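Chains as they are written, first to last, in the working numbering: chain Z, 1 to 682; chain S, 1001 to 1409.
Worth flagging that the hints you see were computed from the coordinates, not collected in a lab.
Owing to the predicted nature of the structure, the values given are computational and were not obtained by experimental measurement.
Treat the hints with care, as some may be off.
[Said to hold, decoys possible] Below 27 Å or equal to it, Euclidean Cα-Cα: the simulated DSSO-like pairs (lysine-lysine) are:
no.	chain 1	residue 1	chain 2	residue 2
1	S	Lys1302	S	Lys1061
2	S	Lys1073	Z	Lys641
3	Z	Lys513	Z	Lys599
4	Z	Lys188	Z	Lys288
5	Z	Lys83	Z	Lys288
6	S	Lys1382	Z	Lys641
7	S	Lys1073	S	Lys1302
8	Z	Lys599	Z	Lys485
9	Z	Lys140	S	Lys1059
10	Z	Lys513	S	Lys1382
11	S	Lys1396	Z	Lys641
12	Z	Lys140	S	Lys1061
13	S	Lys1046	S	Lys1061
14	Z	Lys513	S	Lys1302
15	S	Lys1396	Z	Lys140
16	S	Lys1149	S	Lys1168
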Amino acid sequence: MSIVAGSSAYLEGDTEVQTGVAGFLLHPVAQGVALAAALALVLGAWFVGQARTEILTDHWNREVIQELMGLAESAAAIEAADKGRSEELLGVMLTRLPGTEGRDAGYRVLRLSGARLLASTASGDVGDMAAPRRLSREEKWLFDLGQGIRASVQTNRDEGIYRRRQVEVDEVGDSLFRISLPYFVDDKVAGIVQAELRRPDTTSSASLPLTVGMGIGAYLVTLLVLAIAGKERREKDVAFHKPWVLFFAAVAILSVVAYAYGRIELGGVERLYRSAAAELAADLLEIKESVGFLAGEAGVTVSPGEDNRWDVDLYQRPIGVIDGSGQIVNAGLEAQTAVIRDQLGRALRLNWIAGLVVVLFFGLGFARRLRRTVREHKYAYVYVMPAMIGMLLLAFFPFGYGILLSFTSQTVLTVSEPITELLVGFQNYINILGDFDLFQKTAEGAVINYQNFYWTLYITVCWTIFNVTVGVTLGVILALVLNTKGLKYTNIYRVLLILPWAIPNYITALIWKGMFHQQFGVINQAIQMFGGAPIAWFDGVFSSFMTGLITNGWLSFPFMMVITLGALQSIPADLYEAATIDGADRWQQFRHVTLPSLKPTLIPAIIISVVWTFNMFNVIYLVSGGEPAGANEILITKSYKIAFEEYRYGYAAAYSVVIFFILVFYGIFQTKMTRATEAANA
Amino acid sequence: MNTRSLVTKSLWACCLTTLLGWTAASAADLVVWHAYRGAERAAFEKVVSNFNASQGDIKVKTLPVPYDAYADKITAAIPRGRGPDVFIFAQDRLGGWVEGGQTVESIDFYLEDGTVDALLPGLMEAMSYRDTVYGLPIAYKSPALVYNKAMIETPPTTTTELVTMAKKFTAAAGGRYGLVYEYSNFYFHSALMNAFGGRVFDPEGPTPTLDDPRIVASINLMMKWFREDGIVPADPSSTLVTALFNDGKTPMVFNGPWFISEVEGVDVGVAAMPTVEEAGGEPMKPWLTVEGIYVSAQSDHKEAAYEFARYVATDDESAFIRAVEGRQLPSHAGVYERPEVAGDPILSGFRAQYNNSVPMPNYAEMTLMWSPVTTAMNKITKGAASPEAGLGAAQKELEASIAALRTGR
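Chain Z extracted, bound-state conformation:
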């Protein structure tokens, strides 16, 4: 498995190795570097292309938004000044907006109250349908868009955070875009202004010659290194020695290529952004003049102000790169370029790591092993393929999605956003595992914080240990009783004793909950009949724990009993005879004959039981509900509450992954332990 073994295969005369020139050109290290470089560069080119396209698209959006903001302010001013004439004035203004000329643009101004289209130069609004008019039944989408923007503004203001877009950009056709934003009268959203126009092609990509050139360069340099390294061995035409040196050379070549590519392209992206900003600044001056002039004709004055209120992002926050007089604000520009640089830099770094993984894959011999096993066991893979695909889709994909979700901060409020925007790395795990706030100081002294993860873990572990112990003990005892020779009616007893397992545990849990009722529950009535004081079961942590324990004990012993019965009946009787002859009493027989024979069956059953009990949601949720105050919750009920009562899906997913890892480690640990003990016994 090591690099030495991989390369030393050559020394042993592996029949797969091609010799000669082909062997040189297809040397694993060269292959590895070529593939890794290809992967890193192709991905890198894609990311860079995305970043460049985004800058250009953003630039176009901002051009339109600047103009629309000017229009919005004009509309607001006109409506505030003279509502009666606003339709006429706006109608005139719209037809003379600079954007209309030669851009196939249509503008609309909609007043929400009364669903009134105040003015429109959109292509469909002519003749009968010319503005001003009330919206028709088919134009409900326009009204809803306005309402949506109004609700977003209200949400952002109420919650004090910007989580809903106040500027909507929608693609409505073949490169036809619609941008809408609100206008405010008396500080409330009174309507929206909208522009519908064609966007020129803003796709941009990384430099192809550079990408391809660097890839080929990496490959050639690797070949060169290989040639140098293998000079002494050339006559034997076998493996090129010094495997470690080759490996590090490969890593170095890849890193240099990735780094160089990254620097060059990042520089290009930054230059692009700066030039776009300069264009936008010039644009602002034009718009300020034209919109100002048109507004003046309509009798109002508008201006972007010193801090340039018109250049805003999709949440209508000023971007702060261009000021009101068309000058670039350096601090703002630096801040924006830093953001772009960070994002793209992060993506390119990930590419580098992906490339490294590929190099490792080849260098550590995995590629060769994969090739060999697929060739050897071709048919096996074909047979397994359907099942593998099924498992992939039905088990691994949801599982993988859950893990991805655990790295995000998705909640019900962000469910419709693409998941890649919500990534927060390990923050959820840090919050869960790093929560050491176990003790809280209150007026009554130090009190345990029952919402803490470690307390819940402690309760879950106690819950599991006690339950499995009780279940196994009861099950084994009852199985031994049932296994008594000559016992009549064993079938009836068996059926009765399996009933707890047969009844759905949901119903059982609810019945037991009723039985534990403080005043009218059967258990307290029985206690009182014997002269005791009734216990308030769900008031204390311990008594509440006991309710769950009793209920689950009742539920779990049949399973253990059945397993043990089966195992007991397979113990050969002569073992007992031999033991009796040797003078062992009942207890010693049990310890030295019965228990060891039960172990192979009981151990897996215990592992299963531990995993089931660890995640026994029904009993805890339905009987005690985690009372008092969440002190009795186990990890799985906590996770449920977080997901479906607090709607924090990302955090709950992280919780579930933590539970999964705890159980996986337990499973591995248990298996190792039992193998050790079995080995000792055997």
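Add chain S to chain Z, keeping to what the hints say.
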């Protein structure tokens, strides 16, 4: 007839019926989901068949869904396009659905003044989220004072009268109590809280106000009933309430229309909850659950769906059938003047309670509220915490949950 001709004949029959089916298909086929059972379901299906008969363009089919999974089915199915065109649900999940998106369609655009005027005032608020209307209210329910007519002739109108009457019936040793209701369940306690003027969320927006002194005052009154007057039992659960009422061990309960169907062997009367003298004569105002009919955001026939929704909510006959046969409390204002409805003591009792009720908030954050307040109520009723401390802790927890929800951590 041999097999061959049989096969041919049946093939022809199939083709013909399909053809006929195509031609008979109406302009819009709608599917409506609901979780009704029993009498409510029968009444609703009658309304639907009346609607289908009254016009030929829209054909509506109903699909009853079991209540347990209903809300989750809607949340999961509709955004993926697998849901109905119309569905009926209470208003408590509305906030969550609107925030999640792609589930409910806003209907302000279709709404006319005539529609709103036909309904009881104050119900549209429950169907609106952030000032946008998402559904039409079709029915409402809230707890009221349900009493045993054999034990009490005239129900009390003030809390002082209530306590005096209740004390007469209380004999704790024999398990008899003058008043039984789930006072530790915040849903039922809300009536008292609203009387004192306390609110869970600020009316302006979803900011919690659980530690408001008015809520503390309401809890103090409730604890007085429990501790000093002893008129309510310890540990009240819904089964206990039903059991005691049916056994004749209590003359009065605060419960809702769903409780009436569980009453057996008792001549039951319904009246409005009494006024609270300790709160300056304000009446107890329980939370109103408003059942609304919503248009799905993924429906292909939204206008037709709205027409159907409007029919169910505002048509006179539809309201009458739902009231008399379905034993619902319709949102239609005029139906309560019909003699059959006005003369029905139970319906008119709950209708009287409507005048003093507050719609339950429909914020998405509402579900975050239940856990902290339940913990607080449990601690307070067991004496483990004072009302101020309990509510203070609940307020902190709720603020933390909301903050976590907003920032996603």
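Hints and how they fare:
Under the criterion of a C-alpha separation no larger than 27 Å, the hint pairing S/Lys1302 with S/Lys1061 is consistent with the structure, at around 15 Å. Distance hint between S/Lys1073 and Z/Lys641 is fulfilled; the C-alpha atoms sit about 19 Å from each other, no more than 27 Å. With a C-alpha separation of about 35 Å, the suggested pair Z/Lys513 and Z/Lys599 falls outside the 27 Å cut-off, and the hint is violated. With a CA separation close to 24 Å, the supplied pair Z/Lys188 and Z/Lys288 stays within the 27 Å bound.
With a CA separation close to 24 Å, the supplied pair Z/Lys83 and Z/Lys288 stays within the 27 Å bound. Simply put, S/Lys1382 and Z/Lys641 have alpha-carbon atoms about 24 Å apart, close enough for the 27 Å limit, and the pair holds. The hinted pair formed by S/Lys1073 and S/Lys1302 meets the criterion: a straight-line CA distance of about 20 Å does not exceed 27 Å. This hinted pair checks out: Z/Lys599 and Z/Lys485 have alpha carbons roughly 22 Å apart, not beyond 27 Å.
At most 27 Å may separate the alpha-carbon atoms for a hinted pair to count; Z/Lys140 and S/Lys1059 meet this at roughly 23 Å. For the proposed pair Z/Lys513 and S/Lys1382, the alpha carbon gap of about 18 Å is at most 27 Å, so the pair holds. Using a Cα cut-off of 27 Å, the hinted pair S/Lys1396 and Z/Lys641 holds, with the two alpha carbons roughly 18 Å apart. A C-alpha spacing of about 26 Å is found between Z/Lys140 and S/Lys1061, which places the hinted pair at or below 27 Å, so the restraint holds.
This hinted pair checks out: S/Lys1046 and S/Lys1061 have alpha carbons roughly 12 Å apart, not beyond 27 Å. At most 27 Å may separate the alpha-carbon atoms for a hinted pair to count; Z/Lys513 and S/Lys1302 exceed this at roughly 46 Å. Straight-line distance between C-alpha atoms of S/Lys1396 and Z/Lys140 comes to about 42 Å, which puts the hinted pair past the 27 Å bound. For the hint linking S/Lys1149 to S/Lys1168, the alpha-carbon distance of about 16 Å falls within 27 Å, and the restraint holds.
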